[in-house]
Amino acid sequence: MKVFLIAALALSVIFNLYQLSISQKPANLLIANSSQAECIKNLRSSTSEADIIGPEFLSGYKALNVSLNSKASFSEEVSGCYFDSYFGNVTVENLADKVRFLRSTGSNSITFFKDANSNEFIVYGKSK
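Under the numbering used here, think of the first position of the sequence shown as 6, with each following residue one higher.
Heads up, a few of these hints could be off.
[Stated by the list, open to error] Straight-line alpha carbon distances no greater than 20 Å define the calculated EDC-like cross-link-like pairs of lysine to aspartate or glutamate that follow:
#1 K7 / E61
#2 K119 / D102
#3 K119 / D89
#4 K46 / E61
#5 K46 / E82
#6 K133 / D120
#7 K46 / D89
#8 K133 / D89
#9 K133 / E43
The hints are simulated quantities; they were obtained by calculation from the structure and are not laboratory data.
With the hints as constraints, model all of the structure from the sequences given.
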């Protein structure tokens, strides 16, 4: 089952990149849900998008080709569409406390990132 999911995801990524490359060369490819995509389009006028065709867990997401300012990074330009607060260096032991704290400050949408080579998480929060 795990091999099937990995193969489906890889095929989906390849197909979506091919789909974007037909229309233009992707400069900065982002995956966003509909509200994140709308936020990014409001910030960057030169954004093209395509629906993601692939695994069901990416259903409803968009692949965005965004022209970022060459002197700025993703974090400086569009990260606010994904999160407005975060904690780094979070361990399993204090994960629940950090999530509770973010929720108490108004972050309704919580997302996690964990590098495969680390035991620590980054917890992102987005207020609505």
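A quick look at each hint next to the structure:
For the hint linking K7 to E61, the alpha-carbon distance of about 15 Å falls within 20 Å, and the restraint holds. For the suggested pair K119 and D102, the alpha carbons sit about 17 Å apart, so the restraint of at most 20 Å is met. Straight-line distance between C-alpha atoms of K119 and D89 comes to about 18 Å, which keeps the hinted pair within the 20 Å bound. Taking the CA atoms of K46 and E61, the gap is near 24 Å; set against the 20 Å cutoff, the hint is violated.
Between K46 and E82 the CA atoms are separated by roughly 12 Å; this keeps the pair inside 20 Å, and the hint holds. Taken as a hint, the K133 and D120 pair is broken in the structure, with Cα atoms around 27 Å apart against an allowance of 20 Å. For a cut-off of 20 Å, the pair hint linking K46 to D89 stands: about 17 Å separates their Cα positions. With a C-alpha separation of about 10 Å, the suggested pairing of K133 with D89 holds against the 20 Å cut-off.
For the hint pairing K133 with E43, the CA-to-CA distance comes to about 14 Å; that is within 20 Å, so the pair holds.
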